[in-house]
Structures are given as structure tokens and as C-alpha cells.
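Student: In order, the protein sequence lines correspond to chains A and B.
Under this note's numbering, think of the first position of the first sequence as 307, with each following residue one higher.
Under this note's numbering, think of the first position of the second sequence as 83, with each following residue one higher.
Treat the hints as calculated values from the structure; they're not laboratory data.
Glycine is no exception: its CB is placed at the ideal position from the N, C-alpha and C atoms.
Be a bit skeptical, because a hint or two may be false.
Not the full set, but computed from the structure, chain A residues with beta-carbon under 10 Å of chain B [claimed, not checked]: (1) 401; (2) 403; (3) 612; (4) 704; (5) 705; (6) 713; (7) 715; (8) 718.
So you can see what is in the structure, the chains are spelled out below.
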Amino acid sequence: MSHIPFKKCVKDFLATFLLACAIFYPLMGFVLNGFELEIKPYRPLVPALSMAVIRTFFLYGLQPFLQNQWQKSGAQRVEKKEKTALLAIVILIATICFTLMVPFLFSNYWLNVGILCLIYILLALGLNIVVGYAGLLDLGFVGFYAVGAYTFGILSSYTGLGFWSVLPLAALVAAGFGILLGFPVLRMHGDYLAIVTLGFGEIIRLILNNWTELTGGPNGMRIPPLTFFGIEFTRRSKYGGPLFHELFSLEYSSATRFQLLYLVILAFTCLVAYISWRLPKIAIGRSLLALREDEIACRSLGINHVGTKLMAFASGASIAGVAGVFFGAQQRFINPTSFTFFESALILAIVVLGGLGSTVGVIIAAVVMTALPELLRDFSEYRVLLFGLLMVIMMIAKPQGLVRQKYSQYTFE
Amino acid sequence: MAQKREEKILSVTNLQVSFGGIRALDGVDFSILEGSISALIGPNGAGKTTVFNCLTGFYRPSGGSINFKNSQGHSLNLAALFGSLPFSWNRDQLSTYFKYLPNKFFGGTHLVTRAGIGRTFQNIRLFKELSVTENLLIAMHRDFRGTLIKGLFFPKIYQQNEKKQLSKAKYWLERVGLLSLANERAGDLPYGLQRKLEIARTMCVNPRLICLDEPAAGLNPAETEELSSLILSLKEIDKVTVLLIEHDMSLVMNICEQIVVLNYGQVIAKGTPEEIKNNPKVISAYLGTENV
Ligand SMILES: Nc1ncnc2c1ncn2[C@@H]1O[C@H](COP(=O)(O)OP(=O)(O)OP(=O)(O)O)[C@@H](O)[C@H]1O
Ligand SMILES: [Mg+2]
């Protein structure tokens with residue numbers, strides 16, 4: 307009886323949302339500006355989404371709690387597991403709605419903070435595969451981030467490739483660098499591995515800094531503005547092509563470019579988060595966990611530890627590479643100072659704070675660690691001090707990180 | 083039937099291993115019949131674990147060879163798996179040579195296991211932070227392959243695969259009496275159950291020869307009794323050849339058909355339990371020479 311109708315939940319949510327859209331569009335979608343009727347496509351989405359969330363929450367979210375009250379007198383008790391599952395669904399839906407609305411609710415500044423958050427989530431999820439799942443302590447992770455960003459810079463300035471074609475290429479190039487790092491450290495563990503990877507990150511930064519002909523050295527590289535499959539976001543066309551705001555009959559806004567970028571990164575982050583969440587539940591991901599626990603036992607069970615390690619490095623690196631491309635597209639300028647050891651340490655701190663191997667924890671920690679400094683702009687000099695304090699407190703209070711990695715439970719009938 | 087039992091599944095000839103100046107193994111020769119239970123015994127430091135490490139590919143012998151009869155009935159030189167066979171122009175050997183050449187640099191330990199030799203460790207090596215069931219599932223990673231895309235994006239289809247895995251896991255959990263503890267953290271199990279879990283985990287990779295390194299170490303008499311019936315059942319039910327290292331002589335004498343005695347890296351005796359019991363060399367190796 308107390309089973310959660312997940313499908314029904316989603317169906318109800320969508321139905322409410324569509325109905326609310328139908329009501330709110332005529333009411334709020336058009337704005338009379340002088341004699342012109344302007345279309346504001348995003349305005350009605352906010353109340354519609356909120357309506358849907360609230361309705362779903364009251365329909366399904368409260369049900370188990372209420373039932374628990376009613377059924378106290380001896381009848382079947384609602385299982386705790388189901389309750390938390392439902393709560394998770396509600397929170398998930400609310401989060402998705404919120405993140406979807408961010409680009410249309412907030413100012414350009416906060417939109418960019420949001421993009422930065424997503425980039426750090428990506429980086430942390432990538433590092434989580436290497437450190438959290440496979441147990442390979444990597445202190446040079448920022449190297450792959452730099453490789454991604456510079457792949458974008460170099461390819462666009464020498465071959466004229468755009469954002470969309472660079473995206474998969476950067477992932478491949480970064481994965482290649484991941485494997486390049488993987489080979490020499492195949493037999494290393496712990497401290498030795500940490501030192502070598504640290505060196506690797508520094509080597510990449512130094513090469514970028516000193517190979518002036520290719521990378522522009524400390525002067526950095528310019529990244530071309532983001533386009534929507536060749537359609538520009540500028541106010542006036544540079545090459546005479548169609549413009550985004552004309553094509554979709556929107557009012558020109560400098561934010562449109564970032565809104566699109568945000569949505570693209572969001573989609574990609576969701577994909578990576580899903581993969582990262584799903585990974586420990588399937589055979590290949592379990593091999594990673596096994597590698598972390600005991601490499602010798604792994605080999606004795608027929609797991610190819612070389613391939614598994616390289617796969618961990620390559621997949622982590624390619625995620626970082628893609629994050630680098632996003633970073634380039636947002637900043638439109640890259641130079642080696644963005645890829646110092648401090649970044650590596652920050653990403654590692656995020657993963658450790660979030661809980662090694664826990665996707666949800668890592669995401670929360672990434673948001674906190676990126677958004678917090680923005681909230682505390684006035685105290686920016688004490689940023690690192692605050693991080694340190696936070697780390698110390700966390701390690702005392704919750705040494706396992708925010709969310710402890712939970713493993714799947716199996717039932718045998 | 084009787085003839086089949088006479089076939090050797092493993093033969094070790096003139097095996098040599100040295101660590102720096104120490105000759106840990108110095109010309110070890112023995113062979114094991116398919117479907118038998120054999121024991122490798124000897125005083126501490128005799129080189130028993132070193133033999134196991136060679137059999138399962140963790141050490142590369144500096145001399146001698148190990149031949150294993152694979153599931154197709156061919157004799158497989160384990161050195162071939164590591165790309166350390168000498169180069170020759172023989173056409174058949176040339177293809178094996180190049181096939182396994184990369185393993186010379188990257189290691190091919192896992193290939194030995196895939197060929198059918200499973201092992202356990204003297205100091206238990208479970209995946210301690212993972213659950214009991216997950217320990218078994220990890221061992222079954224080769225049973226249902228090609229599942230990355232399916233596993234990530236088609237959980238429903240994947241679950242059907244997993245059902246088969248889980249039923250096999252359930253089978254082994256029942257065999258070793260761990261079904262009620264299936265979701266426990268493996269590191270939290272009592273010592274005796276950890277030993278059993280390790281054996282079950284090794285059995286999940288479908289070995290045809292299982293090497294047990296001191297399976298009864300640290301067990302109480304009741305647990306040892308259960309263990310010996312488990313080992314016998316491996317032979318009877320699963321038709322696996324068992325090779326075990328053990329210091330518990332009553333266990334060895336009760337269940338083994340053949341015993342190989344090592345001392346200082348050399349085989350000092352081979353034979354049935356009766357023969358070994360009365361062998362003066364063995365007695366002196368264990369008790370020291372008698373001064374009469
Ligand atoms: N990796 C190694 N490096 C150097 N010496 C080693 C190594 N492995 C084993 N040895 C040496 O080889 C000899 C044989 O060791 P081994 O572990 O095979 O003994 P064992 O018969 O298993 O003893 P035990 O009954 O105590 O387990 C010992 O002298 C040991 O010190
Ligand atoms: Mg030993």
C-alpha cells in the first residue's frame with residue numbers, strides 16, 4: 307500500500323507542469339510594451355514549475371509521513387528505505403527545477419558563478435573516479451583541465467575549429483594525456499604516486515608557460531566566442547550571418563550566450579553525474595573499487611589491473627578535458643595561471659570533503675566550495691584560511707566526508 | 083574414467099627463483115593429477131608461498147617451466163602468457179610470442195587466472211570495505227561481458243545479467259554458509275568466515291586448479307573440520323583440482339592424496355600421506371636431525 311508510485315509521480319508532475327504552462331503563458335507570456343506585444347517565453351516557466359513541484363510534493367511527498375501517523379496502531383509500518391527514496395526523488399526534482407531556472411532568474415554575475423560551480427562539479431566528479439573509486443591519489447589533476455582548455459585554444463586559433471567540434475577532441479586528447487601519465491605510474495601507490503602526479507601537473511603548466519610560440523606563454527590565448535552551430539550571439543553580425551536573437555526573435559541580451567553555455571554544461575554535468583552514480587553498480591566500476599581495496603587480490607581474480615588503471619586515468623582526464631573546454635568558452639581567455647597546483651588541491655579538497663566515492667557528496671561539496679567564496683567576496687583574502695578551517699572541522703566531525711559512500715544492498719529470495 | 087584421473091593438470095619442472103642472493107626455489111619438480119587434492123608442506127621459509135606466486139604469475143621464475151593443462155586439454159606454458167618465452171622462428175610459437183609480447187612489460191597475472199588457476203592468500207586479501215556479495219560479484223566480472231553501455235544506460239537489461247550473477251553468488255554464499263551475512267562489510271566478518279569467503283570468491287572465477295595458501299591458519303578445530311569438508315566438496319561437487327599449503331598435519335593427512343615436501347627451496351619428498359609420515363628426511367626437516 308505504501309509503495310511509492312514513482313512513474314505516477316513523474317506523470318503527475320509533467321501533467322501539472324503542462325497545465326500550468328497552458329494557464330500561465332497567456333497570462334504572463336506576453337507583455338504589452340507601448341503598442342508592441344512582446345513575447346517573454348521564460349517568464350511563465352517559473353510559476354509553472356513551482357506549481358508542479360508544490361503539487362507533486364503535497365500529493366506524494368507527504369504521503370508516507372502522514373501514513374506513518376495513521377498506521378501507528380500496529381498496522382504495516384512504512385519502510386524507512388522507501389521514505390528516504392521518496393525524499394531523494396523530491397529533492398532531485400526540486401534541484402533539477404532550480405538548476406534549470408538559474409539562467410533565467412539570476413543576474414549575469416550569478417549565472418557565471420553557476421557555470422563555475424558546474425565546471426568544478428565536473429572536475430570533482432572526474433577526480434572522484436580516479437581517487438574515490440580507483441584509489442589512485444592524483445595531485446596533478448589540473449593538468450588535464452589545462453590540456454582541455456589549451457586544446458580548445460590551440461585548435462581554434464590554428465585550425466579555426468569551433469566549440470562543438472573541439473568538445474569531443476579535447477576529451478580524446480585529455481584521455482590520451484591520462485594514459486600517458488598512467489603508464490609510468492602503473493606500479494606506484496600512495497605517496498610515490500602523489501609526488502609523480504604532482505610533478506606531471508607542474509610539467510604541463512611549465513610547458514604551457516614556456517612554449518611561447520604555440521601557447522603564447524604567460525600572455526595566454528584568446529578563445530573565440532561561443533556560437534550556436536555557427537550562429538553568433540553578438541548584437542551585430544561580424545560576418546553577415548544570421549544572429550541568434552534575430553533567428554529566435556528574442557531581444558538581444560549579453561546573457562543569452564551564457565544561458566546557452568550554462569544549459570550545455572548542465573546537460574553534460576547531469577550525464578557525468580549519472581554515469582558516476584551508476585558506475586559502482588556495474589562490473590567495470592566494481593573492478594575499480596576492487597583495485598582501490600587490494601590490487602594483488604584484483605590480479606588474482608583475473609582483473610586486468612593495467613587496463614583498469616588506465617581506464618580510470620583516461621576517463622577522469624577526459625572529463626577534466628571537457629571541463630577545460632567549458633572553462634575556455636566561459637572565460638574566452640586562458641593562461642597558465644588558471645592551472646596552478648592550488649586548483650588541484652582545491653579539487654581534491656572538494657572530493658575529500660564530499661566523501662571519497664560519493665557522487666552526491668562530491669556535488670554538494672563542489673557547489674559549497676565554489677559558491678561560498680563568491681558569497682564571501684569581501685573577505686577574499688581569508689579564503690584559503692576559511693578552506694583550511696573548513697577542512698579541519700570536517701575532518702574532525704566527519705572524517706568520511708559529507709556523504710559516506712553507500713554500496714548496493716542485495717536481496718536473495 | 084580411471085584413465086582420466088591419471089592426467090596431469092600441472093607439472094612444474096626445475097623451477098628456480100632467487101631474490102638477490104637468496105635462492106628461494108632451487109630446482110623444484112612436481113606434478114599434480116587432475117581432480118586430486120594435493121598438499122605442499124614444509125617448514126617456515128621453505129618457499130611454499132613462492133611456488134604459489136610462480137604458479138599464479140606474481141613472480142617470474144628465473145629458470146624452469148610450469149605447464150598447465152588448459153580447458154581445451156592443451157598444455158600451456160605459463161611463461162608464454164608473460165611473453166617471456168625465448169624467440170624462435172617456429173610458426174606456431176611465433177604467433178604466441180607476439181600475442182603475449184606486451185605482457186612482458188605490462189604483466190599478465192590476470193591471464194593465469196583466466197587460464198584456470200585460482201588462488202587464495204596466506205594473509206587474507208578480501209576487499210574489506212565492500213560487502214560480502216560485492217566481493218563475489220567482482221570475481222564474476224568476466225562471466226557477462228560487453229556490459230558498459232548496457233550497464234550505464236540500460237539498467238533493466240543489465241539487471242537480467244545481474245540476476246544470473248546474483249544466483250551464482252547466492253549458490254556460493256549458501257555453500258560456505260554466508261547467506262545471512264550477504265550484505266555485511268567483508269572486513270567485519272570473523273576470521274574463519276573470511277577464509278571461507280575468500281575460497282568462495284576464488285571459486286567464482288571458475289578455476290580448474292585452486293591453490294589455497296594455509297586455509298586453516300588461525301581456525302579453531304570446529305572451523306577446521308568445516309573447512310576440510312568444504313575442500314572435499316570442491317573436489318567432489320565442483321570437480322576442481324586442489325593444491326594446498328598447510329601446517330595443520332592432521333588436515334593434510336586426512337584429505338590429501340599426494341604430498342610434496344619442500345625444504346630450503348628444494349623438494350625433499352613426494353608421495354602419499356603414508357609414505358611422507360615415515361620418511362626420515364621429512365621428520366628431520368621438521369624436527370631437526372636426531373642425535374643418537
Ligand atoms: N619478495 C621477496 N623478496 C625477497 N625474499 C623473498 C620474497 N618472497 C619470499 N622471499 C624469501 O623466500 C623464502 C621463502 O619464502 P616463502 O614465503 O615462500 O616461505 P613459506 O614456505 O611460504 O613460509 P611460511 O610457511 O612461513 O609461509 C624466504 O626466505 C623469504 O624470505
Ligand atoms: Mg607462506
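Student: All the hints need checking, so say for each whether the structure fits it.
Tutor: Against the structure, the hints:
Contact between residue 401/A and chain B, as hinted, is not supported at the beta carbon level, the nearest pair being about 21 Å apart and thus beyond 10 Å. Residue-level restraint check for residue 403/A is violated (minimum Cβ-Cβ distance to chain B is 24 Å; threshold 10 Å). Nearest Cβ of chain B to the Cβ of residue 612/A: about 5 Å, under the 10 Å cut. The hint holds. Annotation: residue 704/A was flagged as interfacial toward chain B, and the flag is violated, the nearest CB pair being 17 Å apart, outside 10 Å.
The criterion of a C-beta within 10 Å of any C-beta in chain B is not met by residue 705/A, whose closest approach is roughly 14 Å, and the hint is violated. Taking 10 Å as the C-beta contact cut-off toward chain B, the hint placing residue 713/A at the interface holds, the least distance being around 5 Å. For residue 715/A, the interface hint holds, since its Cβ comes within 10 Å of a Cβ in chain B; the closest pair sits about 5 Å apart. The interface hint given for residue 718/A holds, since its Cβ lies 5 Å from the closest Cβ of chain B, which is under the 10 Å cut-off.
Hints 1, 2, 4, 5 from the list above are not met by this structure, while the remaining hints are.
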